[in-house]
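Read top to bottom, the protein sequences are chains A and B.
Residue 1 is where the first sequence starts when you use the numbering used here, and the numbers rise one by one after that.
Residue 1 is where the second sequence starts when you use the numbering used here, and the numbers rise one by one after that.
Any given hint could turn out to be false.
[Claimed, not checked] Looking from chain B toward chain A, a few residues come up when the C-beta cut is under 8 Å (computed):
1) L9
2) I151
3) F214
4) T220
5) Y229
In case anyone wonders, no lab produced these hints; they're calculated from the structure.
Treat the numbers as computed from the prediction; the structure is a model and nothing was measured.
C-beta atoms are modelled at their ideal positions from N, C-alpha and C, and glycine is treated no differently.
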Amino acid sequence: MAESNGTMRVEVVSPERVLFSGEGTQVITRTLEGGEVAFLPGHAAFLGALTENHTRIYLADGTIQNLAVHLGFVEVGADHVTILSDAAELEEDIDVAAVRAAKVRLEEHLRTEHSAEIEAELRRTHARIAATGGIETGH
Amino acid sequence: MAGGQERILRGRIKSVQATKKITRAMELIAASRIVKAQQRVVAAVPYSDMITEVVRDLSAAGAGSQSPLLAGRSEVKNVCYVVLSADRGLCGGYNAGVLRATEGEIKADALNGRQHTIVAIGRKAEGYFRFRGYNMSQSFAGFTDNPTYAIAKEIGEYVTGLYKSGEVDRVELVYTRFITAGSQEVVQRPLVPLDTEVVEGGDGQASTGHDYEFEPTPETILETLLPRYVEARVYAALLNAAASEHAFRQRAMKSATDNAEELINTLSRIMNRARQDSITTEIMEIVGGAEAMSAGN
Chain A
1 MAESNGTMRV
11 EVVSPERVLF
21 SGEGTQVITR
31 TLEGGEVAFL
41 PGHAAFLGAL
51 TENHTRIYLA
61 DGTIQNLAVH
71 LGFVEVGADH
81 VTILSDAAEL
91 EEDIDVAAVR
101 AAKVRLEEHL
111 RTEHSAEIEA
121 ELRRTHARIA
131 ATGGIETGH
Chain B
1 MAGGQERILR
11 GRIKSVQATK
21 KITRAMELIA
31 ASRIVKAQQR
41 VVAAVPYSDM
51 ITEVVRDLSA
61 AGAGSQSPLL
71 AGRSEVKNVC
81 YVVLSADRGL
91 CGGYNAGVLR
101 ATEGEIKADA
111 LNGRQHTIVA
121 IGRKAEGYFR
131 FRGYNMSQSF
141 AGFTDNPTYA
151 IAKEIGEYVT
161 GLYKSGEVDR
171 VELVYTRFIT
181 AGSQEVVQRP
191 LVPLDTEVVE
201 GGDGQASTGH
211 DYEFEPTPET
221 ILETLLPRYV
231 EARVYAALLN
241 AAASEHAFRQ
251 RAMKSATDNA
261 EELINTLSRI
271 MNRARQDSIT
281 TEIMEIVGGA
291 EAMSAGN
């Protein structure tokens with residue numbers, strides 16, 4: 001049924017609540033080690049671990065929901081895509097100015113010392129910038 | 001003298017009335033928080049359901065065999081209890097319930113020659129076990145009426161660390177499960193190693209009947225997924241405990257308010273009788289005096 005009308009149920013679930021739920025036609029995200037993947041309705045069952053990334057959900061009404069997803073998992077069936085993440089942010093919840101300031105600060109920090117934590121934070125920052133329409137992909 | 005007694009009683013009634021106001025306010029606050037806490041319990045269900053399903057499917061695909069969090073140890077020498085209590089009192093038998101349940105388990109373990117390690121959540125558990133000299137390795141406090149996922153993560157990381165380092169061989173969660181606003185129960189649930197009954201039983205297949213494709217390998221996914229699963233379990237327990245705490249507090253404060261009301265009634269009755277007595281005595285004295293005077297004339 002889902003295949004016939006070309007949409008699938010898309011859900012983004014965080015431990016505290018269901019962040020997003022709706023009908024979509026395409027979901028693009030990025031898996032750990034694997035690069036970007038796009039899911040269309042009728043995709044084979046798929047289970048993947050995600051890296052920090054800019055996820056795009058193409059909704060049935062033609063708009064695009066942008067998100068920054070910081071690690072998590074994606075579970076795909078023919079009629080649904082579920083993203084589980086303990087840290088995901090919708091585009092409208094991201095403070096662009098604060099994120100850009102954080103990016104500058106983190107890059108400055110990395111010039112003097114290297115730490116895995118700061119690098120991870122920088123990757124999250126890149127995902128946020130990409131999700132809010134910036135050009136940096138961070139990858 | 002009767003007038004003095006009346007004044008003392010009036011003072012007592014006033015103080016009971018003041019207490020009643022406080023307990024009534026606490027009751028109303030707790031009642032409003034139950035609803036919110038209950039909604040948070042419900043809101044956390046989709047994530048924990050889905051993560052459980054994914055863990056099942058992965059282990060059915062054969063990924064789980066060598067993960068340290070899944071493999072139980074043949075000999076259990078040290079059991080870790082994560083005890084979820086409240087930060088504050090005035091909530092009836094809430095704290096006593098979990099503390100007593102834990103203490104009972106520890107004593108049973110001691111008979112079987114097992115050591116214990118306590119991870120106390122909430123000030124009440126911390127104080128109780130420290131005072132009694134139990135082996136407490138860590139305590140987390142200051143958030144029990146409104147827990148966040150970040151805290152669950154911290155606790156999850158700490159206990160999986162204890163397990164991986166070999167310091168403890170099993171981790172148990174002791175908390176109060178929220179069933180409805182009127183009923184809660186103290187339960188003990190194994191946390192690490194993960195319950196094989198929960199983990200097994202997945203069919204490794206999506207609803208379409210096809211096998212899953214994995215990216216990266218099932219082992220890698222499971223390795224990153226299991227800690228999240230533990231955290232989700234801890235988070236669910238924290239939310240249940242918070243909702244139960246509010247429910248217990250509401251009940252305790254309601255009965256305190258009722259008691260205060262009853263006490264006020266009893267005291268007012270005694271006070272009124274005392275006042276009546278003193279008036280009667282006064283009238284008798286006046287009448288007696290008047291009669292004596294008229295007799296003298």
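Checked hints:
Annotation: L9/B was flagged as interfacial toward chain A, and the flag is violated, the nearest CB pair being 53 Å apart, outside 8 Å. At about 11 Å, the closest approach between the beta carbon of I151/B and any beta carbon in chain A exceeds 8 Å, and the interface hint on this residue is violated. A hinted interface residue such as F214/B counts as satisfied when its beta carbon comes closer than 8 Å to some beta carbon of chain A; here the least separation is about 5 Å, so the hint holds. Below 8 Å, beta-carbon pairs count as interface contacts, and T220/B has one with chain A at about 7 Å; its hint therefore holds.
Residue-level restraint check for Y229/B is violated (minimum Cβ-Cβ distance to chain A is 10 Å; threshold 8 Å).
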